[in-house]
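S.K.: These are the residues of each chain, in order.
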Amino acid sequence: MAEIKADLTANVWRVQVGVGDIVSKGQAIAVLESMKMEIPVESTIDGVVEALNVGEGDVVHEGDVLAVVAEVGGF
Amino acid sequence: MSGPSILDSVLVANRGEIACRVLRTARQLGMRSVAVYSDADEGSLHVEMADEAVHIGGSRAAESYLDGARIVDAAKRTGVQSIHPGYGFLAENADFAQMVLNAGLVWVGPSPEVIRAMGDKAQARREMAALGFPVNAGSDGPLTDVEQAKRVAAEIGTPLMVKAVAGGGGIGMRIVKDAAQLEQMIESTSTQAERSFGDGAVLLEKYLANARHVEIQILGLHDGRVAVLGERDCSVQRRFQKVIEETPSPGIDDTLREQMFSAAQKAAEALGYRNAGTVECLVSEGEFVFLEVNARLQVEHPITEMVTGVDLVAEQFRVAAGVLALGGECRPPRKGHAIELRVYAEDPRRFFPSPGTITKWQAPTGKHVRVDSGFRAGDEITPFYDPLIAKLVVWGIDRPAALEDARRAVADFVIEGVKTNLPFLTEVLDDDQFTSGEYDTHLVDRLRS
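Listed in order, the protein sequences are those of chains D and P. Under this note's numbering, the first sequence has 58 at position 58, and the numbering climbs by one with no breaks. Under this note's numbering, the second sequence has 393 at position 393, and the numbering climbs by one with no breaks.
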């Protein structure tokens, strides 16, 4: 399981995935916007989006967990 | 240059350092001042500096600093005579300028017609070319289809630059190195432009490698003459945004300088240009081509003020009031060398934004040191706005003297609580290529490759 975290204070501009979506390592989970710069936040593993903690327009801070991705078939 | 401003009051439709900068001159001229602020900026320095402040909405720029109707309403309610837009936000929004005029207020900037013409990069390019200003090879207007793009690309060759017609501030530009990428680059630039500016139109231009970015400061006087206040070299950029600017440019000689001044003056006079503006050019191998006109006060205007002794904001107020600016002097003399270093709240390696709370703020001082800022210890730098937190400006009798002062001033600047690019500024100031003056727009890429 991997927690996908924000590494800076930013606004959530776009959420690119939904709960249950299959994502691959490096795929953008969300796009943050801070100080007029867009910063994609990518999944760190291949897996399924198990939880999504933010919505578009939310403000997030460094270390906030944006989403949780679980390995597929990880029993 | 002092004297009556004629205008008795102003609302500054901006925030941060530029709002403070404009308010400072308003105070010196004895004008009553009104600030506007968003939720995020409650208690910020520009709010304190103004005689009066009006809350205009939420932290997001669209809910406050980009809401023209609210700003005009604030101006009417406080009974001010004029609006100064600073730079960014609504400064180059022709509809807003018109709205201000329609409300019976004085707009401290170029006319809505000029702003509109220069805001459309395709139209600006056409008009400047028609007025005899050199332009770069490229598509003569917005691209209509992929086939046309391919034809233009084949004609002028790579590398190419895809530019949003409505772009600005370094947003909406992509370099195409390989013709195979053309279609995809046009698509991505257009998508970003649609989102950022509400207009997806793009044009193609030849991309000049090893070019310098040199711009001319103009001030259109009330009587139709246009003054030229020298040039600024803004070749030190990251993500197409300026980091260090200097004047005079170490990359042009007096012959080229004079050609650029004359071309800018002639074109601006033909356009009926009033108030402050900048003609941005690219200079490569002894020739210059048109880049764009910024129909507003520029971020880096202080270096021009340092070498001319002119307060550009005061002169803007004079032009707006319809009285003689610059004492009628269309080529104010310049003396010495000035450098501006932009202090950004960002990490100095990757230039990633670093919002946070400033815990310590100690700005450098000195006879020839000027710091324009809108922040101090205890202030929060939010993710909502630009990362520019201060402009450190130094003057020296010549370039080496200015560089020496700049190094000392950067070393003396203490900012804690947010990451800043101060270490990067030191890196550039110590770089041999920068020190020699023989640098171009690739300097930052080279330092970070």
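In short, the hints are calculated from the structure, not lab data. A hint or two may mislead.
[Stated by the list, open to error] No more than 20 Å apart at the CA atoms, straight line, and that leaves these computed lysine to any residue pairs for SDA-like: (1) K36/D <-> E56/D; (2) K25/D <-> D58/D; (3) K419/P <-> K335/P; (4) K419/P <-> E62/D; (5) K360/P <-> P348/P; (6) K36/D <-> A40/P; (7) K419/P <-> D7/D; (8) K419/P <-> P348/P; (9) K36/D <-> K367/P; (10) K36/D <-> T191/P; (11) K419/P <-> N11/D; (12) K335/P <-> Q241/P; (13) K206/P <-> E187/P; (14) K76/P <-> R60/P; (15) K367/P <-> A411/P; (16) K36/D <-> G168/P; (17) K36/D <-> R60/P; (18) K177/P <-> H222/P; (19) K266/P <-> H222/P; (20) K5/D <-> G356/P; (21) K266/P <-> P250/P; (22) K36/D <-> Q241/P; (23) K419/P <-> E33/D; (24) K419/P <-> E38/D; (25) K419/P <-> K367/P; (26) K36/D <-> T359/P; (27) K36/D <-> K266/P; (28) K25/D <-> K36/D; (29) K36/D <-> K335/P; (30) K25/D <-> A2/D; (31) K36/D <-> A377/P.
[Said to hold, decoys possible] Every beta carbon over 10 Å from chain P, so not counted as near; a handful from chain D, in silico: (32) G18; (33) E33; (34) E50; (35) E71.
The beta carbon of each residue, even a glycine, is placed where N, CA and C say it ideally should be.
S.K.: It remains to establish, for every hint, whether it holds in the given structure.
M.R.: Outcome of the hint check:
no.	hint	verdict
1	K36/D <-> E56/D	holds, 16 Å
2	K25/D <-> D58/D	violated, 24 Å
3	K419/P <-> K335/P	violated, 35 Å
4	K419/P <-> E62/D	holds, 13 Å
5	K360/P <-> P348/P	holds, 18 Å
6	K36/D <-> A40/P	holds, 15 Å
7	K419/P <-> D7/D	holds, 13 Å
8	K419/P <-> P348/P	holds, 8 Å
9	K36/D <-> K367/P	violated, 34 Å
10	K36/D <-> T191/P	holds, 16 Å
11	K419/P <-> N11/D	holds, 19 Å
12	K335/P <-> Q241/P	violated, 27 Å
13	K206/P <-> E187/P	holds, 18 Å
14	K76/P <-> R60/P	violated, 23 Å
15	K367/P <-> A411/P	holds, 16 Å
16	K36/D <-> G168/P	holds, 12 Å
17	K36/D <-> R60/P	holds, 11 Å
18	K177/P <-> H222/P	violated, 45 Å
19	K266/P <-> H222/P	holds, 16 Å
20	K5/D <-> G356/P	holds, 17 Å
21	K266/P <-> P250/P	violated, 24 Å
22	K36/D <-> Q241/P	holds, 12 Å
23	K419/P <-> E33/D	holds, 17 Å
24	K419/P <-> E38/D	holds, 18 Å
25	K419/P <-> K367/P	violated, 27 Å
26	K36/D <-> T359/P	violated, 23 Å
27	K36/D <-> K266/P	violated, 35 Å
28	K25/D <-> K36/D	violated, 26 Å
29	K36/D <-> K335/P	violated, 36 Å
30	K25/D <-> A2/D	holds, 11 Å
31	K36/D <-> A377/P	violated, 23 Å
32	G18	holds, 21 Å
33	E33	violated, 7 Å
34	E50	holds, 27 Å
35	E71	holds, 29 Å
Consistency with the previously given hints fails for numbers 2, 3, 9, 12, 14, 18, 21, 25, 26, 27, 28, 29, 31, 33, ordered from lowest to highest.
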